[in-house]
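Q: Here is how the chains run, residue by residue.
There are 4 protein chains.
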Amino acid sequence: MKVSVIGATGYTGFELVKLLLRHPRLEIAALTSESYAGKKISEVYPALSGLCDAVLKDNDMEERASEADAFFLCLPHKAAMEAVKTLYGKGRVVIDLSADFRMSDRALYEKTYSTRHTAPELLKEAVYGQPELFGGELKGARLAAVPGCYPTSVIVPVYPILKEGLADKSFIIADSKSGVSGAGRKPTLGNSFCETYGDFKPYGIFGHRHNAEIDHILSRAAGEVGAVFTPHLLPLNRGILSTVYLKSQAPLSEIEACWEKYYGGRRLVRIKKGGETPSIKNVAGTSFIDMAAFRRGGDLIVVSAIDNLLKGASGQALQCLNLMAGFNETEGLI
Amino acid sequence: MKVSVIGATGYTGFELVKLLLRHPRLEIAALTSESYAGKKISEVYPALSGLCDAVLKDNDMEERASEADAFFLCLPHKAAMEAVKTLYGKGRVVIDLSADFRMSDRALYEKTYSTRHTAPELLKEAVYGQPELFGGELKGARLAAVPGCYPTSVIVPVYPILKEGLADKSFIIADSKSGVSGAGRKPTLGNSFCETYGDFKPYGIFGHRHNAEIDHILSRAAGEVGAVFTPHLLPLNRGILSTVYLKSQAPLSEIEACWEKYYGGRRLVRIKKGGETPSIKNVAGTSFIDMAAFRRGGDLIVVSAIDNLLKGASGQALQCLNLMAGFNETEGLI
Amino acid sequence: MKVSVIGATGYTGFELVKLLLRHPRLEIAALTSESYAGKKISEVYPALSGLCDAVLKDNDMEERASEADAFFLCLPHKAAMEAVKTLYGKGRVVIDLSADFRMSDRALYEKTYSTRHTAPELLKEAVYGQPELFGGELKGARLAAVPGCYPTSVIVPVYPILKEGLADKSFIIADSKSGVSGAGRKPTLGNSFCETYGDFKPYGIFGHRHNAEIDHILSRAAGEVGAVFTPHLLPLNRGILSTVYLKSQAPLSEIEACWEKYYGGRRLVRIKKGGETPSIKNVAGTSFIDMAAFRRGGDLIVVSAIDNLLKGASGQALQCLNLMAGFNETEGLI
Amino acid sequence: MKVSVIGATGYTGFELVKLLLRHPRLEIAALTSESYAGKKISEVYPALSGLCDAVLKDNDMEERASEADAFFLCLPHKAAMEAVKTLYGKGRVVIDLSADFRMSDRALYEKTYSTRHTAPELLKEAVYGQPELFGGELKGARLAAVPGCYPTSVIVPVYPILKEGLADKSFIIADSKSGVSGAGRKPTLGNSFCETYGDFKPYGIFGHRHNAEIDHILSRAAGEVGAVFTPHLLPLNRGILSTVYLKSQAPLSEIEACWEKYYGGRRLVRIKKGGETPSIKNVAGTSFIDMAAFRRGGDLIVVSAIDNLLKGASGQALQCLNLMAGFNETEGLI
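Heads up: the sequence lines are chains A, B, C and D, in that order.
Heads up: the first sequence runs through residues 0 to 333, numbered per numbering that gives the first Met the number 0.
Heads up: the second sequence runs through residues 0 to 333, numbered per numbering that gives the first Met the number 0.
Heads up: the third sequence runs through residues 0 to 333, numbered per numbering that gives the first Met the number 0.
Heads up: the fourth sequence runs through residues 0 to 333, numbered per numbering that gives the first Met the number 0.
Here chain A stands alone, though its shape is the one from the complex (with noise of 0.2 Å):
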């Protein structure tokens, strides 16, 4: 199966280059970048030469459209929508891994990020493509929109505690800390290392995108939800942890149990038992995400951890592929 990278040279792209060249049923077709085309993408990324020495190709779909069979998008959002448009129309496979079709909710997401949406149509086409949830949809499925990071860190383990309603839905707080690669690779002096080096602080609060994303996703599992959502910058390139406090009643070996039931087999999540903490060290370059529940009273403390720039994003997208394509979730991944 022949799939191209579209957007190579940012992060996202340069760790899906890395996770193709390992993967034994697909095939590189091609590699854009608006900025670099033409050159080597061995010359952007040195890491790559003797492994990938590709030049990097433009960003005409039309001609991009017939290279391949399938489509990583790594564009900003609203420059995604078009290229989903186009490739998707002829009949092409699109894991998209903006923001552009998280939402199937047009307004919402007309709201979020401040800017129309051009293919609202193709709204109700797009499958979440958060793999252990909605796994099931993706099979069969032409358009995955990727999770962002931060919302797989709090998703993957509070949607099953609410499904089945092990905890108070009217009560979520997510205090989430990400690496600087989060920020993308365009220098700017908020992420440059002087400013970042020793140095660790909030943003965005009550203002986050994701918090968008995390309670329309969630919403799903119990209704109308609304958490406070607080990303922090680590200084450290890769890897997000998030601690999410939450009310409940439940005995912790239920909150156990009920993740088991959602994720047993799924080998890509590890739940952490008897007091044993998720950590960023122990994801970092890998596409696991790492959980853990903590109860005191009825207070309940759950712990994730994963590399932002896999779980959180190319890592879950080729996983996503390997659903839609019939393959085994894990190929290429572990």
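It is worth saying that the hints were derived from the structure and are not from the lab.
Computed from a predicted model, the values in this text were never measured in an experiment.
C-beta atoms are modelled at their ideal positions from N, C-alpha and C, and glycine is treated no differently.
Heads up, some of the hints might be wrong.
Using C-beta positions, here's what the derived DEER-type ranges look like [said to hold, decoys possible]: (1) C:Leu251 to B:Gly274: 51 to 57 Å; (2) A:Leu107 to B:Leu188: 45 to 51 Å; (3) B:Glu223 to A:Tyr202: 45 to 51 Å; (4) D:Lys77 to B:Gly263: 44 to 50 Å; (5) D:Leu188 to C:Glu66: 17 to 23 Å; (6) B:Leu188 to C:Arg21: 23 to 29 Å.
Subject to a maximum C-alpha distance of 27 Å in a straight line, what follows is the list of computed BS3-like cross-link-like pairs (lysine-lysine) [claimed, not checked]: (7) A:Lys200 to B:Lys39; (8) C:Lys272 to A:Lys17; (9) B:Lys39 to D:Lys1; (10) A:Lys123 to A:Lys77; (11) D:Lys162 to D:Lys185; (12) D:Lys17 to B:Lys17; (13) A:Lys185 to D:Lys260; (14) B:Lys200 to C:Lys38; (15) A:Lys38 to C:Lys271; (16) A:Lys123 to A:Lys84; (17) B:Lys272 to D:Lys38; (18) C:Lys246 to D:Lys162.
Chain A is fixed; fit chains B, C and D onto it per the hints.
A: Below, chains B, C and D without anything else, positioned relative to chain A:
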């Protein structure tokens, strides 16, 4: 005024020495160390060479007592108790950085630290050394129990809000993140570079001793309080940032006015407004505490940042002595 | 082919386990540990849970010998010697990551490591396991002495240049910088986070044991060589970059041609040209060695970069086994 | 004495402001910024809030000239030239942190910086502001050219050795490593967190402008010198460590005696003996330069460490003003 630092070779001792070298009204009488007695402190901390080459003395409190008017104790809890008894008994001024005298309730201390308190009679003499809140009691006192680093970051912003009844006392969630120096200088696998670098994780969930200290002090503001406190380990050397979640109907302006009422004119407390966010970078190496409040509906988020070794320990300890000695509280700190 | 890792819980052992899990022709027979025997390796390294949950066995070599065809020894020098004797004596294939068999000259070893060599008869059996230079000797050999991390970074680029007489052998200055993992996993003040973070310094000036190894091997290229080697400690976890200063009249093209002659077609050696500079980032997590040469007048600068735990240890060790077993040398490494 | 900082919002400007706030004999007249004029400096650097909330003025030198007696110029080279002309012409004292007046040889400057020098007549007025070596010339001077960060780390230890003929002037290799702040505050891909974190590499091999400055100044000690200088980028924010390789027959004691002769009694130079090694950690945040010498046969290694923003820039600049104004050279620096 002559002061000695007992246990000068740990990180808090090192910070105290640097502060004392700059203080216009204090003179270092003696620096002590159990493990390095006989060596120069500048051999242990070459950064001090040319600034302070004093030879470290041992911890014989009888001898030490005769050398200075005031003493900073940077000893582990339990060891501190004994030293305090001797020094206080000889009429000295004692600033204890350990946990031994932070709780006026003996039983609570003994339960929390699973050890017998051998100087219970001094508990009522000890003043909880958070100068902005309890500075009045410090004037004339001879024994100050310097607050823990995490409690400082939580109590300073939250105490006034509870005291004024501006938030629901039954709902306090403090998600705190600290640099590695909080674990002390003794090498362990947990604070070794390769285990900590690029990592981030919570620890001691529902079991950290500082939770008891936070509850104990906040209860003085609002009666019986039980906060949820979760510490995390940041991959940086110094600084604590706490994100505290409260429920409140009070407008932001009222929260900020409340802080102004308690802290107006106190230079080491910096209240951030208009969406400005506290950040570890802005307080590292200083004795400031920066704090800000954010509100959406009934959810109130309070963020604070301190240097765990300064406002969270040595800086606050010196601030205590300044007040006990009748100096300006910021002397040698700004 | 069944392989065991003796001393699997150190950082090099951990890297070997991850490599072996990906190797198509090797099966893990046993993992051992002195200190953690009886525990699962995934309890020591939670990153492995779900990937390898083998229970660690002890270091009883008599028993271990019967379980596998080949053995990776990740033991301290001296301890390795004894294990090698047993395993080699029983006809097993042994890849020793310690220094015990790197020097064919017993006296030099004993002087450098101030200890008696208790298996001198095996020194002549041992092949210095730098596959690109001595791969020919590895085929059919049963004992490989994997080079030290620093020596690998210096010898690979410099050996051919000296061998071809393209630089003055009396003038070799290697300024090397290594990440903290080179110091091993045992916690010490020197590798604790707060002592290392934000710091950089040389150590063991004129006294590092790897200097003797570098001289010993380079002497095979040009007879009696005495290099100046200075190691430095970098505030990062993995990687070594060496900047080597030589005197040469040869044009750059000739240096690069010499490298092509020795390393052309060897995938793990990447020769950078046109001013491209090796960088730790580009080799971290891989078994590549990147190298480049720069010239001004008679001054030749050679820069190399490796991952100290992979090309500098476990990756190169597996590369040795691949050749000893007749596999493709990059099997499981790319 | 009233001083202004021109270009106060770069990292060197920020450091100067912090130093000036502590200086007993200097008062800040104005702080300027091209890009932030009209804002408070504490909006650009919140760390300063409550310490310095001055509103930034523009760079109109005619106006600025009338406000202060002395000026620190933290401008890019070329821009500095023009400002110096105006301020010096009006009889002000000028401390220029740029490269514009470091080289007394106009042609060399123009070649090195590929630009015309528009104030050549002032080159002979300018004193190279390395106070320990050229402090005598600073007394009474009105224009100081503060040395580059790398040159400071190399020249201070090496100049006396060459001057006294204790090492071979034809053989100087300086392998230098600097923190990221040396690259300035302007965001670029090269100084972004994710590109720098966990990385280490050399840059500008055989082409860095500081090589010309080093040669130019060292030539004053020993006539025509051509050093090999290689800068590297460290994954930390501040500090430079230089490892300099020389050939010498002089015993170590003679090297150390030579340093004592030049630097005895100069508090900011700390000579390490008995194998103690300079380390960035020990000088970060200070204006010290630590240095030590090591010898084996004819090989002499000199190691120095400074904070690139202080002894390598702002601290040394203030040290210059202290001498030009007749103050104690360490005033406000210790």
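Q: Are the hints correct? Go through all of them and say.
A: A quick look at each hint next to the structure:
Distance hint check for C:Leu251 and B:Gly274: the Cβ-Cβ separation is about 55 Å, which falls inside the suggested range of 51 to 57 Å. The given range of 45 to 51 Å is respected by A:Leu107 and B:Leu188, whose C-beta atoms sit roughly 47 Å from each other. The hinted window of 45 to 51 Å between B:Glu223 and A:Tyr202 is violated, with their beta carbons roughly 35 Å apart. Between D:Lys77 and B:Gly263 the C-beta distance comes to about 47 Å, which sits within the given range of 44 to 50 Å.
Checked against the hint of 17 to 23 Å, the C-beta distance between D:Leu188 and C:Glu66 comes to roughly 50 Å, which is inconsistent with it. Separation of B:Leu188 from C:Arg21 is about 27 Å and conforms to the stated range, judged on CB atoms against 23 to 29 Å. Of the supplied pair hints, the one linking A:Lys200 and B:Lys39 is violated, its CA atoms being roughly 38 Å apart against a limit of 27 Å. The hinted pair formed by C:Lys272 and A:Lys17 meets the criterion: a straight-line CA distance of about 23 Å does not exceed 27 Å.
For the hint linking B:Lys39 to D:Lys1, the alpha-carbon distance of about 40 Å lies beyond 27 Å, and the restraint is violated. Simply put, A:Lys123 and A:Lys77 have alpha-carbon atoms about 17 Å apart, close enough for the 27 Å limit, and the pair holds. Between D:Lys162 and D:Lys185 the CA atoms are separated by roughly 39 Å; this puts the pair beyond 27 Å, and the hint is violated. Of the supplied pair hints, the one linking D:Lys17 and B:Lys17 holds, its CA atoms being roughly 17 Å apart against a limit of 27 Å.
Between A:Lys185 and D:Lys260 the CA atoms are separated by roughly 51 Å; this puts the pair beyond 27 Å, and the hint is violated. Annotation: proposed proximity of B:Lys200 to C:Lys38 holds, straight-line Cα distance about 23 Å (limit 27 Å). Only pairs whose Cα atoms come within 27 Å are accepted, and A:Lys38 paired with C:Lys271 is accepted, the gap being roughly 17 Å. Between A:Lys123 and A:Lys84 the CA atoms are separated by roughly 13 Å; this keeps the pair inside 27 Å, and the hint holds.
At most 27 Å may separate the alpha-carbon atoms for a hinted pair to count; B:Lys272 and D:Lys38 meet this at roughly 16 Å. About 25 Å separates the Cα atoms of C:Lys246 and D:Lys162, which keeps this hinted pair within 27 Å; it holds.
Violation of the numbered hints given earlier is confined to hints 3, 5, 7, 9, 11 and 13; the remaining hints are satisfied by the structure.
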